[in-house]
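Colleague: Build the full structure now, drawing on both the sequences and the hints.
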Amino acid sequence: MQIIEKNKLFVASCLALLVTSLSFGIRAGILSQLGTDFYLNAGELGTITATAFWGFPLAVVIGGFVVDIIGMKKLLVMAFIFHLLGIVLTVFAQGYWSLFTSTLLIGIANGTVEAACNPLVSTLYPNNKTTKLNHFHLWFPGGIFMGTLIVMLFNYLGLNWQIQMGVMLVPTFIYGYLFSKLEFPVTERVASGISMATMYKSLASPLFIFMFVCMFGTAITELFTGQWVDVLLKNVTDNSILILTLTTGVMVIGRGLAGPVVHRFAPQGVLLMSSILAAIGLYLLATLTGNSIFIGAFIFGSGVCYFWPTMLGFVAENIPKSGALGLNLMGGAGMFAVSVYTIFMGKFYDRLIMENLPVNINLKGKSTIELNNLLELAKNSAGPEVLKVTMLIPIALSIAFAVLVFYMKQRKVLEIDKGV
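The sequence shown begins at 1 in full-length UniProt numbering and counts up one residue at a time.
Keep in mind the hints are simulated off the structure, nothing from the lab.
Glycine included, C-beta positions come from ideal geometry on N, C-alpha and C.
Do not take every clue at face value.
As the list claims (entries may be wrong) - Straight-line Cα separation of at most 30 Å, DSS-like style, residue types lysine-lysine; simulated pairs:
(1) Lys73 to Lys8
(2) Lys74 to Lys8
(3) Lys321 to Lys409
(4) Lys8 to Lys321
(5) Lys201 to Lys412
Unchecked claim - What follows is a set of in silico ranges between Cβ atoms, one per label pair, in the way DEER data are often shown:
(6) Phe65 to Ala402: 32 to 42 Å
(7) Ser205 to Glu355: 43 to 53 Å
(8) Gly158 to Ile399: 42 to 52 Å
(9) His263 to Thr287: 27 to 37 Å
(10) Gly71 to Leu414: 34 to 44 Å
(11) Lys8 to His263: 24 to 34 Å
(12) Phe65 to Val170: 24 to 34 Å
(13) Phe92 to Met152: 20 to 30 Å
(14) Met152 to Tyr177: 23 to 33 Å
Modeller: Shown next, in the form of structure tokens:
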């Protein structure tokens with residue numbers, strides 16, 4: 001494959017991921033407004049948000065099973081169609097069920113993009129997988145960063161959320177056009193002649209199962225917090241959406257500089273450092289107030305920045321025979337975990353709000369302003385409590401990845417002794 005074709009495919013892949021990330025960034029920014037316009041509580045908002053995470057694992061797992069058979073190009077044509085339908089239906093949403101359906105379609109589109117593009121990037125750059133996957137995935141926080149800026153700008157200009165969602169149509173049409181004109185390689189597993197039986201055997205290895213389980217925690221830590229930070233901290237700081245903007249900005253820079261970081265510490269070392277920083281960042285986000293909360297956002301962004309692409313890169317480099325299906329099962333595991341956690345924590349957040357309201361309060365005779373003030377005070381306590389519970393996940397990951405670092409060192413020693 002000519003170098004210019006390789007670069008065009010990589011650029012088109014980044015644009016497809018940009019649409020995926022814009023859907024996260026813009027939805028995170030308009031979530032509170034959707035709740036107000038359609039009279040939805042936190043539990044209902046949590047379910048709507050979770051549909052994107054349901055659609056993603058469904059598409060990415062099915063895509064993982066068929067990508068070697070039908071090819072990556074056909075999957076990306078399907079992603080374009082689902083993105084187009086999902087965006088248009090969201091713009092014309094009339095209530096809970098139309099938001100539910102449209103968000104599900106966007107989730108399916110997002111998963112289909114990952115199902116095709118992760119193995120595509122690994123195939124295009126077989127000798128530099130983790131670094132190039134980080135470069136590819138910098139467009140995820142990059143799109144969220146742009147999405148939050150779009151929300152703030154359009155809110156300042158007085159433009160409604162429907163127009164904000166409509167902005168996503170521009171990169172959607174561009175990536176659809178580019179992919180329709182380009183020729184695709186076969187996946188790395190097919191090109192290498194690795195059998196299906198060997199691939200399934202790799203998926204049953206203890207190392208893959210370990211990484212599969214850890215993907216639950218890394219995905220929840222990064223994506224749940226990103227999607228809900230505006231809701232959870234809206235009453236703690238006047239600029240809660242800026243927390244997401246800063247976090248994703250740090251992630252873009254970090255992933256852009258992934259090459260020397262991964263080379264210096266190896267994927268497993270990067271994952272250990274990331275989990276420690278993510279835990280510290282969540283603690284600071286849950287305890288700091290005012291402008292100092294942005295310190296927590298910076299540290300949190302530095303922590304989660306390498307999670308997703310480095311998890312995929314580790315599997316691609318250390319369990320290469322798992323093929324495209326291995327990468328897609330990892331992505332599906334992460335998104336499924338986020339969907340379940342989002343629903344659970346949405347209801348947990350509602351319960352915390354009720355628990356933080358004054359006991360035996362007499363609502364009679366109180367004005368709307370007084371009632372709203374009581375509700376805001378309850379939310380002030382509930383949001384940080386959700387973050388403190390979530391903080392336990394990267395703490396557990398720190399222990400798991402410390403074990404992984406030790407294991408990989410021992411494995412390297414054994415390989416040297418055997419002359420591998």
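Colleague: Are any of the numbered hints broken by this structure? If so, which, sorted upward?
Modeller: none
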